[in-house]
Amino acid sequence: MSTAGKQKRERLTDAQLLMTISICIFVFMYAAAMIFMGGGFLKTQQLFDLLNDNAALIIISCALTIVMIGGGINISVGGVIGLTVMAGALFLNAHSDGGPFSIVLTFLLAVGIGLAFGLLQGFLVSHLEIQPFIVTLAGMFLARGLTTMLSVNPVSVSHSDFSALVKTKIQIAFLGYTAKNGNLIPAKLEIGAVTAVAVVILVYLMLRYTKFGRNIYAIGGNQGSALTLGINVRRTRFYSYLISGLLSGLAGFVFLMHKPAGNASVAMRSEMDAIASSIIGGTLLTGGVGNVIGTFFGTMILATIQKIIALSPLNASWWQDMASGAMLGVFILLQSVVLSQRGRGRMGLPSWLKFRKE
Amino acid sequence: MQNNEVLRMRGICKSFLGVRALNNVDFTLRKGEIHALMGENGAGKSTLIKVLTGVYEKDGGSITVEGKDAHIRSPQDAQKAGISTVYQEITLCPNLTVAENMFIGRTKGALVNWKEREKRTAEILDSLGIPARPRQELSGCSLAVQQMVAIARAVDMQCKVLILDEPTSSLDEKEVEMLFGLMRDLKSRGVGIIFVTHFLEQVYAVSDRITVLRNGELVGEYVAEELPQVELVAKMMGKDLKDLADLEQVGVKNAGEKDMVYEAENLSSTEARPFGFHIRRGEVNGFTGLLGSGRSESVRAVFGADRVTGGTVKMNGKSVRITNPHEAMKAGIGYLPEDRKRDGIIADLSVRENIILALQVMRGFFHPMSRKEMEQFADEYIKALQIKTASQETPVGSLSGGNQQKVILARWLLTHPEYLILDEPTRGIDVGTKLEIQKLVLKLAEDDVSVTFISSEIEEMLRVCSRLIVMRDRKIVGELTGDDLTQATVMKTIAGGEQ
Amino acid sequence: MSVPVKRKKASGLSQLIIPLVALGLLLLFNLIRDPGFYSVSIAVNNAGNPVLSGNMISIIDSASELAIIAMGMTLVTAACGGQDISVGAVGAIAGAVFVKVVFAFESITAGALLAGLAACILGAVLFKLFNGTLVAVFRIQPMIATLILYSCGRSIAYWINGDATPQISSPILSAVGMTIPGIPVPTPIFLVILTGLLMMLLFRVTNTRLYTQTVGINQGAARLNGINPVRIKLLSFVLLGVCVAVAAVIGIARLGNLSHKTILADIEMDAILAVAIGGNNLGGGRFRLSGSILGAYIIQMLTTTLYAMNVATVNVKAYKAIVIIVIVVAGSPVVKARLSALLNRVRPGGAAGLRGVS
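Chains as they are written, first to last, in my numbering: chain A, 1 to 358; chain B, 1 to 499; chain C, 1 to 358.
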């Protein structure tokens, strides 16, 4: 029985603590890169490029965070991106003279594919109570299989309006820099990056200030309790998968705007990156704990490491993989130690297994 | 009179796979009344409660709330009808704040107004005198406070019927008093309370009426003051008072001056402060004290269940090292844990596997028993302890609480321990099985097994133990034997002489 | 008071109903579609040795690696209540170690291969122990703990050898990967049987099964009964490591080379599916190895059937996903309960007629 003192300020919750750690590490890492690597890292554009290049990953990481808070998992998100990119590319090429309207249709197609996957997976997980890992694994196979059914060969988009959209960038002059020849080069942000940031904010608000969002936390914390508290567990779980499907479709469209080409290996394994981002950001796979702001910084941490390695003499894909793996390992251990040092009974740990301060 | 009735259940029937769990049961609850629902395990109490709260759908019968037909098919329906339940196991979400737990799942609109929620929560907590803060995470509150938060939630929902299902099982006496205060307060506000418990004294302390069920049928409804305690027990058990007389005969045995079996000096663990303790061959002693006094933690240290941090231990005069359960088992100690579900049973494994588990572990990883040997052992103990199970292969999780406890007892008896620790072996168990277990303990003592017996019911301790070790604030504060073994002395020692 | 004590020998066999029905339907489907599917003939391979050939032989042969890994995966699932997603990556590492050690000898002799095998097993076990330590000691969810090696394992494999596809050929190795001269049945089939027999022997002479199930169901109680849950979890990972090493050697022997990107590719997902299709609870506890092995053959049977139907390679994944969804839906508790309720209504007491459904 806890005899915690009656301090006025509540102590940080686990999610807040883990999120704080990941924000601090991101800031520290980025600052270190600025000091020791200089160059590009001193320009705002570098930060913006991290956003531009990882917009789709940020969005699916949010999708993962939502289902993980609810105690589930969704490993079909990368497959859905691959499918929507391929379907979108083919659709745009088929309507290359369709004008802006065909872009709207492509957007609806992407979101529709995502919703369809969310609908199917949500139904299987919430109503038929099949393990989410298996359901979304089958979903991933299905999405990847459908992608190659659409086209085995890479498809590049040739659609004038869409190309214009791809090139559209938000230019922020005062964050830019002056090139050697004296020209001012403004910092550029892609529409996808703005979308990703908007998604992070919207999902944050949803999880914090809507009944639905709080219900997700409740079912992840204790499903049985949630049921007796009068929460419709099935419906909540169903909608959490539906939203994660929708977000994966949206991520597919964002990906297409960043790299307008379909390919069987688009976003390969990105589901694992998204899971890693969520974990680094302080979401626990056990459910009930997590925060989408943390997830955002989790993605940025992974992206920054990749960038640092790419700009270092070690530039090679296997070094990037190993660095990400090592980073993930460090975070996982850190979380395990931090959480157990707090000595709570919450994680369902029997008391004999907790680490203790003597 | 009719108008006073807030809940009326008539002719309720419910079967599971052809087995009648409830047969034509009536139940009536009046406004501002605390109504105890009593019965042995398997009498149908929890089935009736679950029908009322929409967890199970009834096969037949009618439920009216304040004269109106209530169609209850889900927990939500029950909530809407004004029926709220607080279970023994806290059914709130540990990862949310107190304020959220108060309001989640029952507010209108899609958005959450945190400020409003926290303000309302502070008011409610204040008015009911509950020591919690709205923004505190629930997992940071004590069990008692969590339970009170659950009640506060129910109260704020303007419930007409409040069901308290074994609310006092994990509370100490002070907390029970606090809870009773809250119950009386609610009663004066006109809430009808259904109180389910195993503690007879508590029933008489707060209840106005008592309804008794047995084998899924209604025995009767009685005014508490007019029903003596002995008669209540007899009605619950459906037997003559013969067995109860037996219960009184169970005498206290004195181990006399036999050899020491177990001695510990300055034993401490991560959960228990250093203490000294010994037990002689064939002795039955007990640790008593309020919940949280350290009685369970002490015996856990003896068994090595928590990490042992110091002290010396002797078995039969020889010093041994006991830092984990495996070493304790090898030294000849057995331990029946306090929380049967969490620490005792392996729910999905069969009765057979559960019975042989400890013996198998003692024989070692590389010496598995043959199937035949297992079946023989299981057969023997199922018969000896009269464990009611469909077969040896039935998963133990599907047995009733009392039978699960017997399976764990069988597990330890099979290892033939010299020293057996039983922590709350009779909690949540029907009176009949309770008696069997008490008799078994005394029989073991006759066979020279030493037993440490822990129970929340002092009466029960006095009946079986020849020596009581009293704990308060995680320290041993007294040891009672012989003539000191009376309820009054024990209480006094527990309370520290202030009462 | 007499207490009826009945013995029921066939307990737990019901979990095999769904996979057996699925396999039966697949066999039936092929029989109707093309009885020639089952024809087995004796051909002569390149080395001039007689070998059996036919669809069934190739199904049983090519499912070998999957079946072996599925056995190990079942144990990890049962003990830890989670899945290892790094088996493919660790297989690549084990393969790389094998090649490295064999190449350290002057010529590829039996001794060199044995040394390679020993090193390969040792390597796989060490990496699995790393996973196991994270899971058992630091109490990290298996999927998260193995995510680290999933994302960087193949890079480590590449780094060990420094060559993308080292060639390794020897008559002994091809006897392992294909057939032993004079014996017309592919060797990997014998290796599956051998692994299965060794597992059975292990269950016979030790308490692995009882302890694993106990830990998986309730590890707190397991500890109070003198079982060390940490050791049992580590043991499950060690056994999985051995399985992975054996599968990796078969994989190398089959092709005569090691490609760190494609060896045992995606086998983690198939192995988890095999465990689930076999009716094992992915949340841990009770398990049946036979179910998982059956699951492995079902997956391979499905793939081969699709190929035999002239479904294009790229489309197989999508169809496979659909069939898998059907199987897991049929095996879901909700559907099972509905079906048996329905059957009871149609024909009281007739729950045995589950065959006609699914």
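Any given hint might turn out to be false.
A few chain A positions that, by computed beta-carbon distances, are all more than 10 Å from chain B [unchecked claim]: (1) K180; (2) Y217; (3) L227; (4) I231; (5) A323.
In silico contact screen, one side only, chain A against chain B (beta carbon under 8 Å); selected entries [what the hints assert, rightly or not]: (6) T210; (7) G224; (8) A226; (9) R235; (10) V289.
Below, simulated BS3-like cross-link-like pairs (lysine-lysine); rule was C-alpha separation at most 25 Å, straight line [claimed, not checked]: (11) B/K108 <-> A/K211; (12) B/K258 <-> B/K160; (13) B/K258 <-> A/K211; (14) A/K167 <-> A/K211.
Just so you know, the hints here were simulated from the structure itself, not pulled from any lab data.
Glycine is no exception: its CB is placed at the ideal position from the N, C-alpha and C atoms.
- Item | When the least beta-carbon distance from A/R235 to chain B is tested against 8 Å, hint result | At 11 Å from the nearest chain B Cβ, A/R235 fails the 8 Å test, so the hint is violated.
- Query: Beyond 10 Å from every Cβ of chain B: is that where the Cβ of A/K180 lies?
  - Reply: Holds: least Cβ distance 52 Å, greater than 10 Å.
- Query: Taking the closest Cβ pair, is A/G224 under 8 Å from chain B?
  - Reply: holds, 7 Å
- Message: At 10 Å, judged by beta carbons, does A/L227 keep clear of chain B as stated?
- Response: violated, 6 Å
- Regarding the assertion that A/A323 does not contact chain B, is the least Cβ-Cβ distance greater than 10 Å? holds, 32 Å
- Under the criterion that the straight-line Cα-Cα distance not exceed 25 Å, is the pair B/K108, A/K211 satisfied? holds, 9 Å
- Task: Tell me if A/A226 is really an interface residue toward chain B, meaning its C-beta lies closer than 8 Å to one of theirs.
- Result: holds, 6 Å
- Is B/K258 close enough to B/K160, meaning Cα to Cα at most 25 Å? The hint is violated at about 60 Å.
- Holds or violated: A/K167 to A/K211, with C-alpha atoms at most 25 Å apart: Violated, because 39 Å separates the two Cα atoms, which is more than 25 Å.
- Using 8 Å as the Cβ threshold, decide whether A/T210 counts as touching chain B. holds, 5 Å
- Query: Between B/K258 and A/K211, does the CA-CA distance stay at or below 25 Å?
  - Reply: violated, 66 Å
- Query: Regarding the hint that A/V289 lies at the interface with chain B, is the smallest CB-CB distance below 8 Å?
  - Reply: holds, 6 Å
Violated hints for the displayed structure, listed by number in ascending order: 2, 3, 4, 9, 12, 13, 14.
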